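Chemist: Converting from the sequence shown to the working numbering requires adding 64 to each position, the first position being numbered 1.
Read the hints as simulated data drawn from the structure, not as lab findings.
Quick caveat, the model's predicted, so the values are computed rather than measured.
Check before you lean on any hint, since a few could be wrong.
Computed list of lysine-lysine pairs in PhoX-like fashion (alpha-carbon distance at most 25 Å, straight line) [unchecked claim]:
#1 K72 x K110
#2 K72 x K111
#3 K72 x K94
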Amino acid sequence: MVPYFLNKEPRSTVVYDLRSSRVVVEEIIKHEGTPRRQRVGHAFMKKAMRDSRAIFGGELSG
């Protein structure tokens, strides 16, 4: 999904949780996005996405 969103909005921020694989970060960087790691939890992810104006965010749990 990262390539899809970053092709629409290049150089955007993508938020991911601490439990995610390093492949997530590699893909974000590969597609010229800015990775932002966030602690686990829906509320923390939503706040991080709002604060950073992220185009996309995802948690390992769903």
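Chemist: So, for every hint listed, does it hold in this structure?
Modeler: Here is what the structure says about each hint:
no., hint, in the structure
1, K72 x K110, "holds (21 Å)"
2, K72 x K111, "holds (22 Å)"
3, K72 x K94, "holds (15 Å)"
Checked against the numbered hints above, the structure breaks none of them.
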